Amino acid sequence: MAASTVGEAEMNSASRGAIAGAPLVLRILAECPVSKARACDMTLPHCTVNTPVFMPVGTQGTMKGVTAEQLENLGCQICLGNTYHLGMRPVSGSATLLGSFRQAEQREHRMDHGCALVITVGPELIEKAKGLHGFMNWRRSLLTDSGGFQMVSLVELSQVTEEGVKFRSPYDNKEILLSPEQSIAIQNSLGSDIMMQLDDVVSSTVTGPRVEEAMRRSIRWLDRCIAANRNPESQNLFAIIQGGLNSELRHICLEEMTKRDVPGFAIGGLSGGEEKDDFWKMVTLSTDHLPREKPRYLMGVGYAVDLVVCVALGCDMFDCVFPTRTARFGSALVPWGSLQLKHKQYAKDFQPIDPECTCPTCRRHSRAYLHALLKCDTAALHHITIHNISYQLSLMQSVRQSIIDGCFPQFVRAFMDRMFPSREQYPRWAVDALASVGITLN
Amino acid sequence: MKLELRGLAPGTRLGVLAGLGRSGTRAMEVPGCLLYTHCGSVPHLTHDTLDALGRLPAVTQLPLATVAEHQEVLEAFREGAAKLAGLHDTVLFCSLQDPAAPCPAGYNTSKSVSLWSAAGRIELTVPKYVAMQAAVRPDWYQSLADGDAQPAGSSLKRVRRSVERTLTHLDECVLLHQKTAELVGAELFGVVEGADVREERVRSARETAKRPVGGFVLDGFQSGVMDQALRAQLIAAVTAELPRDKPRLVLGVGRPDQVLSCVEGGVDLFEGFFPFVATERGCALCFRFAMEPDPESAVQEQNGVTEDGGSSRTEDPEHQDLQQMTRFEMNLNDRRYRDDLRPLVVGCGCYCCRNHSRAYLHHLLVTKELLAGVLLMLHNVSHYSSFFSSVREALATDRLETLKSVVLGV
Numbered sequence: 001m002a003a004s005t006v007g008e009a010e011m012n013s014a015s016r017g018a019i020a021g022a023p024l025v026l027r028i029l030a031e032c033p034v035s036k037a038r039a040c041d042m043t044l045p046h047c048t049v050n051t052p053v054f055m056p057v058g059t060q061g062t063m064k065g066v067t068a069e070q071l072e073n074l075g076c077q078i079c080l081g082n083t084y085h086l087g088m089r090p091v092s093g094s095a096t097l098l099g100s101f102r103q104a105e106q107r108e109h110r111m112d113h114g115c116a117l118v119i120t121v122g123p124e125l126i127e128k129a130k131g132l133h134g135f136m137n138w139r140r141s142l143l144t145d146s147g148g149f150q151m152v153s154l155v156e157l158s159q160v161t162e163e164g165v166k167f168r169s170p171y172d173n174k175e176i177l178l179s180p181e182q183s184i185a186i187q188n189s190l191g192s193d194i195m196m197q198l199d200d201v202v203s204s205t206v207t208g209p210r211v212e213e214a215m216r217r218s219i220r221w222l223d224r225c226i227a228a229n230r231n232p233e234s235q236n237l238f239a240i241i242q243g244g245l246n247s248e249l250r251h252i253c254l255e256e257m258t259k260r261d262v263p264g265f266a267i268g269g270l271s272g273g274e275e276k277d278d279f280w281k282m283v284t285l286s287t288d289h290l291p292r293e294k295p296r297y298l299m300g301v302g303y304a305v306d307l308v309v310c311v312a313l314g315c316d317m318f319d320c321v322f323p324t325r326t327a328r329f330g331s332a333l334v335p336w337g338s339l340q341l342k343h344k345q346y347a348k349d350f351q352p353i354d355p356e357c358t359c360p361t362c363r364r365h366s367r368a369y370l371h372a373l374l375k376c377d378t379a380a381l382h383h384i385t386i387h388n389i390s391y392q393l394s395l396m397q398s399v400r401q402s403i404i405d406g407c408f409p410q411f412v413r414a415f416m417d418r419m420f421p422s423r424e425q426y427p428r429w430a431v432d433a434l435a436s437v438g439i440t441l442n
Numbered sequence: 001m002k003l004e005l006r007g008l009a010p011g012t013r014l015g016v017l018a019g020l021g022r023s024g025t026r027a028m029e030v031p032g033c034l035l036y037t038h039c040g041s042v043p044h045l046t047h048d049t050l051d052a053l054g055r056l057p058a059v060t061q062l063p064l065a066t067v068a069e070h071q072e073v074l075e076a077f078r079e080g081a082a083k084l085a086g087l088h089d090t091v092l093f094c095s096l097q098d099p100a101a102p103c104p105a106g107y108n109t110s111k112s113v114s115l116w117s118a119a120g121r122i123e124l125t126v127p128k129y130v131a132m133q134a135a136v137r138p139d140w141y142q143s144l145a146d147g148d149a150q151p152a153g154s155s156l157k158r159v160r161r162s163v164e165r166t167l168t169h170l171d172e173c174v175l176l177h178q179k180t181a182e183l184v185g186a187e188l189f190g191v192v193e194g195a196d197v198r199e200e201r202v203r204s205a206r207e208t209a210k211r212p213v214g215g216f217v218l219d220g221f222q223s224g225v226m227d228q229a230l231r232a233q234l235i236a237a238v239t240a241e242l243p244r245d246k247p248r249l250v251l252g253v254g255r256p257d258q259v260l261s262c263v264e265g266g267v268d269l270f271e272g273f274f275p276f277v278a279t280e281r282g283c284a285l286c287f288r289f290a291m292e293p294d295p296e297s298a299v300q301e302q303n304g305v306t307e308d309g310g311s312s313r314t315e316d317p318e319h320q321d322l323q324q325m326t327r328f329e330m331n332l333n334d335r336r337y338r339d340d341l342r343p344l345v346v347g348c349g350c351y352c353c354r355n356h357s358r359a360y361l362h363h364l365l366v367t368k369e370l371l372a373g374v375l376l377m378l379h380n381v382s383h384y385s386s387f388f389s390s391v392r393e394a395l396a397t398d399r400l401e402t403l404k405s406v407v408l409g410v
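Taken in sequence, the protein lines are chains A and B.
Residue 290 in my numbering sits at position 290 of the first sequence, with consecutive numbering throughout.
Residue 365 in my numbering sits at position 365 of the second sequence, with consecutive numbering throughout.
If you are wondering where the hints come from, they were derived from the structure by calculation, not from laboratory data.
Remember, it's a predicted structure, so these values are computed and weren't measured experimentally.
Treat each hint with caution, since some may be false.
As the list claims (entries may be wrong) - Dumping the calculated DSBU-like pairs for lysine-lysine here, alpha-carbon to alpha-carbon at most 35 angstroms:
no.: 1; chain 1: B; residue 1: K246; chain 2: A; residue 2: K348
no.: 2; chain 1: B; residue 1: K83; chain 2: B; residue 2: K128
no.: 3; chain 1: A; residue 1: K342; chain 2: B; residue 2: K128
no.: 4; chain 1: A; residue 1: K348; chain 2: B; residue 2: K179
no.: 5; chain 1: A; residue 1: K375; chain 2: B; residue 2: K111
no.: 6; chain 1: B; residue 1: K246; chain 2: B; residue 2: K179
no.: 7; chain 1: B; residue 1: K111; chain 2: B; residue 2: K128
no.: 8; chain 1: A; residue 1: K344; chain 2: B; residue 2: K2
no.: 9; chain 1: A; residue 1: K348; chain 2: B; residue 2: K111
no.: 10; chain 1: A; residue 1: K36; chain 2: A; residue 2: K281
no.: 11; chain 1: A; residue 1: K344; chain 2: B; residue 2: K246
no.: 12; chain 1: A; residue 1: K375; chain 2: B; residue 2: K210
no.: 13; chain 1: B; residue 1: K111; chain 2: A; residue 2: K344
no.: 14; chain 1: B; residue 1: K404; chain 2: B; residue 2: K179
no.: 15; chain 1: B; residue 1: K83; chain 2: B; residue 2: K157
no.: 16; chain 1: B; residue 1: K246; chain 2: A; residue 2: K342
no.: 17; chain 1: B; residue 1: K83; chain 2: B; residue 2: K210
no.: 18; chain 1: B; residue 1: K179; chain 2: B; residue 2: K210
no.: 19; chain 1: A; residue 1: K259; chain 2: A; residue 2: K281
no.: 20; chain 1: A; residue 1: K276; chain 2: A; residue 2: K174
no.: 21; chain 1: A; residue 1: K348; chain 2: B; residue 2: K210
no.: 22; chain 1: B; residue 1: K210; chain 2: A; residue 2: K344
no.: 23; chain 1: B; residue 1: K128; chain 2: B; residue 2: K404
no.: 24; chain 1: B; residue 1: K128; chain 2: A; residue 2: K348
no.: 25; chain 1: A; residue 1: K281; chain 2: A; residue 2: K348
no.: 26; chain 1: A; residue 1: K375; chain 2: B; residue 2: K128
no.: 27; chain 1: A; residue 1: K344; chain 2: A; residue 2: K375
Said to hold, decoys possible - Here are some of the chain B residues that sit facing chain A, going by a computed Cβ distance under 10 angstroms:
no.: 28; residue: H70
no.: 29; residue: A85
no.: 30; residue: S114
no.: 31; residue: S117
no.: 32; residue: A119
no.: 33; residue: E123
no.: 34; residue: V197
no.: 35; residue: E199
no.: 36; residue: Y360
no.: 37; residue: H363
no.: 38; residue: A372
no.: 39; residue: S386
From the three backbone atoms N, C-alpha and C, an ideal C-beta is built for every residue, glycine too.
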């Protein structure tokens, strides 16, 4: 279903950007007359991306167990990629690839102490390999992050100064610094279509002067990132709006950052454990003050309900590890929630995950088979990953189509009805958020 | 099922196994290897990635050990394992143990054989075994066999017992097979045992050949259990007792040099697990099997095997266990590949070699990414299948000795 919109969109590097010197062109196709939702075509150097869009996350230059070709066949036009890597404390190796993969996942999950962030693929090699696109063999669009979030959230011993993010490797005691200039230099080598500024990330649960400090520093770092960008004609640098859960600080950040001439804006510092009620208010405040004609990227959001609501609030782009990560734990996403395929109840359930889904997994395999395969081979994880990516992409396709057709509010109602057993179970925050933009759920 | 052999020099076997499958329309070239699966899936691969392999072996192997714990599910499903697994249109061979997993000895009794599954040990009598096969609905399956007398040093008495029990199990299997509706049209293979005792090997082969079986499975010759010289002798002794027109499959032999030795001894079919065990250690098969020298490989010859990353060893220890890397592989975990942008094997047409580099595979292994397994499996299965094509070509043109030197790199 998603694939049909892609064909017209591919272009080779010779025809980058419709307008000279502009590596991003946003065409607004439709705007919901009720809410703040819009449907757009965003033309990037590698291909045009239809929005609203969910971007699967494939940090480390791979979409987990899915090949580039499979991802392309699912209709994915843009994904997140990178080559940062957490160097682990050496442990006894596992005899199987599945064993070492499980070890790695457990660590990431636990946010192990004593990890060092290492860039395994140096800039020279990546350039020789024709950028991250060449290295991963992905022909469509790529978005890279700055490396900041991973460092700060996953490395215990990190320290933020005006220079950048510093930490000391627990192995060789060397001090490593990730500055705005370095982050951009790396992303320039990677050659991604969209790069993110290095921002001073604070958890949304932090309060006090640190939040303002981080917001103001992020503005200064944005300017340094802009100055450091070697490829403004072929790579897009997005700013990241910070300010925590404080409207005043957000306002200041919005006012300042929108003065800079960047091709797009991300809304950062949210989706980190804050109350959903605070979350949506910051999202809608941000979209209220971001320019209409530039894309809005809400970072770290990927649950179906969150996606639909935040589209209503005016966001165009989303990313989240959730769909691909949860797949690797045997959880399959469906329009009415999720199926924990490891549970015994699926042992003899011979239906596909979703009888209405047209993904390769649902066309060929049953819940019962996946339940059995989960016990013995990694292929089971790939099947579920493919399904979950397909689910997310399909969802966004449907959202987009409903905006184009002028029936987005009806779509939202039908979506919520399918997802929740009864109106009483609609999340309060979602009801409020939708109501704030004119979509009532009754 | 019909084995059509070409009239070649005596002792060499090259041909086609035709009339396969329930429809009787499929065919498999021999010597050949089966497509190895876990629970009906090629390890790491989904249908789409499997498709990227192009021509697949006509016969797919399902070790019962990888599906035994799901017997109830198969019985509720009622259409067999191939259908449940969503396998492509293929001939399904159900063997007993998983060649890539350890099978501790000492648990078999006169009435039962122990199967080693992911859920632990499952004790099977013949009726239970046949019931399981009925649930699987294979096209071919081996009889229940007592392979316990493998470790060298088993007493003669124990070896004899394993031969006796295996024959008894076979006779019981034959009877039950005839009474089982789900196995109508399936071929039952007899199993030849006898450990390292020549008389017992000959006895087992002769006796098994007297039974109404469709083919023969040679057990107890696994790599790591028996050295090459003895294996070669005993296999020749066994195949001399077997009818020419029925296929012979050897269990647990995957290393290319050992495959060639078995081919010379009259073996037709091999389990395809070797690509998988190489994948699990992050290795890519890279041994040569092209008999025509081409300019590219001539240069590589000059550069020496080590340049390619293959081991500089000229020999592998005889009793090597499956975990250890052989000289037929390159270890992509090695730092030397960090900056190497060449494909795994220059000239290989597989999906991995067409689209990715050694540096990328190295990166995936270092970062412990799942995609490493997918890509390595694609390469390794492709490489191994091409090796078997080369074996057949060598037999057809009487150049087996040439192929041996190429593979061994001498």
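Structure-based check of all given hints:
| no. | hint | result |
| --- | --- | --- |
| 1 | K246(B) with K348(A) | 38 angstroms, violated |
| 2 | K83(B) with K128(B) | 22 angstroms, holds |
| 3 | K342(A) with K128(B) | 27 angstroms, holds |
| 4 | K348(A) with K179(B) | 27 angstroms, holds |
| 5 | K375(A) with K111(B) | 29 angstroms, holds |
| 6 | K246(B) with K179(B) | 23 angstroms, holds |
| 7 | K111(B) with K128(B) | 11 angstroms, holds |
| 8 | K344(A) with K2(B) | 43 angstroms, violated |
| 9 | K348(A) with K111(B) | 31 angstroms, holds |
| 10 | K36(A) with K281(A) | 14 angstroms, holds |
| 11 | K344(A) with K246(B) | 43 angstroms, violated |
| 12 | K375(A) with K210(B) | 40 angstroms, violated |
| 13 | K111(B) with K344(A) | 32 angstroms, holds |
| 14 | K404(B) with K179(B) | 46 angstroms, violated |
| 15 | K83(B) with K157(B) | 43 angstroms, violated |
| 16 | K246(B) with K342(A) | 43 angstroms, violated |
| 17 | K83(B) with K210(B) | 34 angstroms, holds |
| 18 | K179(B) with K210(B) | 20 angstroms, holds |
| 19 | K259(A) with K281(A) | 23 angstroms, holds |
| 20 | K276(A) with K174(A) | 40 angstroms, violated |
| 21 | K348(A) with K210(B) | 41 angstroms, violated |
| 22 | K210(B) with K344(A) | 46 angstroms, violated |
| 23 | K128(B) with K404(B) | 43 angstroms, violated |
| 24 | K128(B) with K348(A) | 21 angstroms, holds |
| 25 | K281(A) with K348(A) | 45 angstroms, violated |
| 26 | K375(A) with K128(B) | 23 angstroms, holds |
| 27 | K344(A) with K375(A) | 12 angstroms, holds |
| 28 | H70 | 5 angstroms, holds |
| 29 | A85 | 6 angstroms, holds |
| 30 | S114 | 18 angstroms, violated |
| 31 | S117 | 9 angstroms, holds |
| 32 | A119 | 8 angstroms, holds |
| 33 | E123 | 20 angstroms, violated |
| 34 | V197 | 33 angstroms, violated |
| 35 | E199 | 38 angstroms, violated |
| 36 | Y360 | 6 angstroms, holds |
| 37 | H363 | 6 angstroms, holds |
| 38 | A372 | 6 angstroms, holds |
| 39 | S386 | 21 angstroms, violated |
Violated hints for the displayed structure, listed by number in ascending order: 1, 8, 11, 12, 14, 15, 16, 20, 21, 22, 23, 25, 30, 33, 34, 35 and 39.
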